[in-house]
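Trainee: Sequence:
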Amino acid sequence: MIDKELLAQVRRIQVRTNRMVSDVMAGGYSSVFRGSGIEFDEVREYSEGDDIRAVDWNVTARTGKPYIKKYVEERELTVLFIMDLSASASFGTVRRKGGDELRSVRETAAEFCAAMALAAARNNDKAGLIGFSDRIERYVPAKKGSQHMLRLIREALALRGEGRGSDLAGALEYAARVQRKRAVIFLVSDFFAQDYARPLRKLAQRHDLIAVRIHDRHTRELPKAGLLHLRDLETGKATWVDSSSSRVRSAYARSLENWHASFRDTIRSARVDCLEIQPEQSIADPILRFFRMRELRGAHG
Numbered sequence: 001m002i003d004k005e006l007l008a009q010v011r012r013i014q015v016r017t018n019r020m021v022s023d024v025m026a027g028g029y030s031s032v033f034r035g036s037g038i039e040f041d042e043v044r045e046y047s048e049g050d051d052i053r054a055v056d057w058n059v060t061a062r063t064g065k066p067y068i069k070k071y072v073e074e075r076e077l078t079v080l081f082i083m084d085l086s087a088s089a090s091f092g093t094v095r096r097k098g099g100d101e102l103r104s105v106r107e108t109a110a111e112f113c114a115a116m117a118l119a120a121a122r123n124n125d126k127a128g129l130i131g132f133s134d135r136i137e138r139y140v141p142a143k144k145g146s147q148h149m150l151r152l153i154r155e156a157l158a159l160r161g162e163g164r165g166s167d168l169a170g171a172l173e174y175a176a177r178v179q180r181k182r183a184v185i186f187l188v189s190d191f192f193a194q195d196y197a198r199p200l201r202k203l204a205q206r207h208d209l210i211a212v213r214i215h216d217r218h219t220r221e222l223p224k225a226g227l228l229h230l231r232d233l234e235t236g237k238a239t240w241v242d243s244s245s246s247r248v249r250s251a252y253a254r255s256l257e258n259w260h261a262s263f264r265d266t267i268r269s270a271r272v273d274c275l276e277i278q279p280e281q282s283i284a285d286p287i288l289r290f291f292r293m294r295e296l297r298g299a300h301g
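All the letters of the sequence shown, read from the start, carry residue numbers 1 to 301 under my numbering.
Everything labelled a hint here was simulated from the structure, so no lab data went into it. C-beta: ideal position from N, C-alpha, C; glycine also. Treat the hints loosely; a few may be bogus.
Claimed, not checked - Here are the computed distance ranges between Cβ atoms for each label pair:
no. : residue 1 : residue 2 : range
1   : Lys202    : Ala225    : 36 to 44 Å
2   : Ile52     : Asp265    : 42 to 50 Å
3   : Lys144    : Glu295    : 20 to 28 Å
4   : Ser146    : Glu295    : 23 to 31 Å
5   : Arg62     : Glu173    : 28 to 36 Å
6   : Leu256    : Asp285    : 18 to 26 Å
7   : Glu276    : Ser250    : 21 to 29 Å
8   : Lys65     : Met293    : 26 to 34 Å
Please take these sequences and the hints and turn them into a complete structure.
Mentor: Right under this line is the structure:
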């Protein structure tokens, strides 16, 4: 893609997401995602009137003088997007209304990241990006500002994975190393990956981790279209399939349901919330449903 085409695509997404953030998501982001509350600031000598419960007994024992831990209220939020750039994310069968442009899983992911990044900018929060395939492709540290958010949108659209596979576990482990401070982390992927349950659980223990699953409708069922030549985008393996066979379609459906069940079990055991997005639909509705779920859960403790 040449720069002129990329800039036009960035502009289209910016216009769509700006409108959505202003008209649809107003208030939802700030009410659902808040700063991490109370953060450790420093250890200082005890002064008369200090709360005895704040005494740091380890430092006090080491120095022979009473010291207390001082905390400050932390309102600034850090948002991190972990975005899947594997070959399967380039899959797209949905065409936009009034044109021939395909809307792929990756473009839908970029639009989601753009909407949340713009919401973060309006709330004066930081945002960063990790792009991954079977390796870490790009890391953009979290910063503030509208220009930085536009850079994130450009990166999300322009990045192409050098690798074809999806090392989701490696991406989660990398995020744990580079993001030490508590953050809201959106893991944006089709989740066609294996063996990521343990790093998912560990990252969720330290951060507010949200799984954003994006999958094209044609990956959800095998069409009855006769003999099809199918290729795995990540491994390159190809095979011929007789989609007119009810036995073949049933086997595909069972395999897909097993994958869905495994995904649901994995995120449930890790206590990770899930936001489902389909490329053929607007991203606004699932985001609003997610906000509403979070607000209701907060209201009921």
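Trainee: Taking each numbered hint in turn, which are not upheld by the structure, reported in ascending numerical order?
Mentor: When the structure is compared with the hints, only number 8 turns out to be violated.
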